[in-house]
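A.B. asks: Below, each chain spelled out in residue letters.
Number of protein chains: 2
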Amino acid sequence: MTFNLSKSIEILSKTPETLNSLLNGLSDEWLYNNEGKNTWSPYDIIGHLVHGEKTDWIVRAKIILSSERNKTFEPFDRFAQENDSKGKSIHELLEEFSKLRSQNLQELKMLQISESDFTKKGMHPKLGEVNLQQLLATWTVHDLGHIAQIARVMSKQYATEVGPWNAYLGILKK
Amino acid sequence: MTFNLSKSIEILSKTPETLNSLLNGLSDEWLYNNEGKNTWSPYDIIGHLVHGEKTDWIVRAKIILSSERNKTFEPFDRFAQENDSKGKSIHELLEEFSKLRSQNLQELKMLQISESDFTKKGMHPKLGEVNLQQLLATWTVHDLGHIAQIARVMSKQYATEVGPWNAYLGILKK
Numbered sequence: 016m017t018f019n020l021s022k023s024i025e026i027l028s029k030t031p032e033t034l035n036s037l038l039n040g041l042s043d044e045w046l047y048n049n050e051g052k053n054t055w056s057p058y059d060i061i062g063h064l065v066h067g068e069k070t071d072w073i074v075r076a077k078i079i080l081s082s083e084r085n086k087t088f089e090p091f092d093r094f095a096q097e098n099d100s101k102g103k104s105i106h107e108l109l110e111e112f113s114k115l116r117s118q119n120l121q122e123l124k125m126l127q128i129s130e131s132d133f134t135k136k137g138m139h140p141k142l143g144e145v146n147l148q149q150l151l152a153t154w155t156v157h158d159l160g161h162i163a164q165i166a167r168v169m170s171k172q173y174a175t176e177v178g179p180w181n182a183y184l185g186i187l188k189k
Numbered sequence: 016m017t018f019n020l021s022k023s024i025e026i027l028s029k030t031p032e033t034l035n036s037l038l039n040g041l042s043d044e045w046l047y048n049n050e051g052k053n054t055w056s057p058y059d060i061i062g063h064l065v066h067g068e069k070t071d072w073i074v075r076a077k078i079i080l081s082s083e084r085n086k087t088f089e090p091f092d093r094f095a096q097e098n099d100s101k102g103k104s105i106h107e108l109l110e111e112f113s114k115l116r117s118q119n120l121q122e123l124k125m126l127q128i129s130e131s132d133f134t135k136k137g138m139h140p141k142l143g144e145v146n147l148q149q150l151l152a153t154w155t156v157h158d159l160g161h162i163a164q165i166a167r168v169m170s171k172q173y174a175t176e177v178g179p180w181n182a183y184l185g186i187l188k189k
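Protein sequences appear in the order of chains A and B.
To convert a position in the first sequence, counted from 1, into my numbering, add 15.
To convert a position in the second sequence, counted from 1, into my numbering, add 15.
Think of the hints as simulated: they come from the structure by calculation, not from any bench.
A quick note: this is a predicted structure, and the numbers were derived from the prediction, not measured.
Don't take every hint at face value.
Remember, identical chains collapse to one label, so a pair may be satisfied in a single copy or spanning two.
With a straight-line cut-off of 27 angstroms between C-alpha atoms, the simulated DSS-like cross-links for lysine-lysine are [what the hints assert, rightly or not]:
1. Lys188 - Lys86
2. Lys52 - Lys114
3. Lys141 - Lys188
4. Lys101 - Lys22
With the sequences and hints as input, model every part of the structure.
C.D. replies: This is how it looks when you write it as structure tokens:
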């Protein structure tokens with residue numbers, strides 16, 4: 016499958032609803048347990064996604080499309096949610112994510128990106144030269160990766176409870 | 016986290032809505048592409064989940080709770096969806112899954128399972144002795160595993176489109 020803007024937006028616009036369906040109203044053990052030391056809980060992951068909406072995707076797309084000479088992105092803070100999420104319930108974070116995503120998809124529309132923009136370049140602080148198409152494909156895959164991660168983290172809470180079925184449940188070994 | 020019936024039902028009752036949010040209305044490439052030869056597409060996975068609702072979880076729970084002497088389960092057909100899904104749209108399969116799951120959760124309620132039932136046993140044709148608690152934990156983990164799998168299969172469609180970001184997207188290596 017080659018990059019397609021409207022097919023990427025299909026995924027990006029569905030993620031808030033998917034995360035709501037997956038997480039809203041669950042007991043604390045499902046939301047706050049993680050996979051062990053220095054790993055993230057579903058709650059942590061939603062905070063990370065909120066931070067991405069604020070500082071990553073659209074911000075970087077605008078840098079690529081700008082007329083600035085220096086198109087180097089700010090490094091993304093992978094641990095920002097440790098402070099940013101403080102005092103917020105998962106419900107509040109899901110609402111915040113949903114609102115920010117919807118605003119960002121509006122902004123994306125307003126950028127009126129055409130195929131000739133897809134190969135315009137920016138500079139990633141670690142990865143070097145990247146283009147707009149790669150950024151938008153990564154935004155999409157990043158959503159799917161964190162949906163998979165949340166489901167995996169939750170499944171691990173029952174790792175020993177499944178008994179002998181452990182042998183058939185590949186998710187518990189990932 | 017130790018097994019808890021109502022916390023398992025939290026997950027089991029949310030899965031249809033999660034799958035609807037994740038998949039309904041997507042373009043064919045997201046729904047019918049897989050990870051390569053002999054792997055499943057999201058469409059295949061929903062067919063597999065439908066078959067599980069028909070032949071696996073509640074059927075086996077009833078065998079465990081029955082007064083039959085022979086409590087050996089029928090082997091589960093992992094490829095039944097290849098025929099069963101024929102001619103059905105993903106929308107139809109999602110509807111079917113949602114309806115069956117809701118019926119099965121009603122049946123589960125009617126079984127009025129108490130803690131003393133949790134350790135009652137059945138015989139898995141391959142894994143040997145298993146108990147009711149393990150069956151219900153497995154049903155829950157099985158849902159989460161397939162949600163993660165669907166997100167992973169979709170993410171892989173953009174494996175090369177993300178360019179250098181491939182290095183940061185663990186989901187593409189699973």
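A.B. asks: Taking the hints in turn, state whether each one holds.
C.D. replies: Taking the hints in turn, this is what the structure says about them:
1. Lys188 - Lys86: Neither, since 40 angstroms and 29 angstroms both go past 27 angstroms.
2. Lys52 - Lys114: Neither way: Lys52 and Lys114 sit 31 angstroms apart in one copy and 39 angstroms across, limit 27 angstroms.
3. Lys141 - Lys188: Between copies only: 20 angstroms across, 30 angstroms inside.
4. Lys101 - Lys22: between (34 angstroms within a copy, 25 angstroms between copies)
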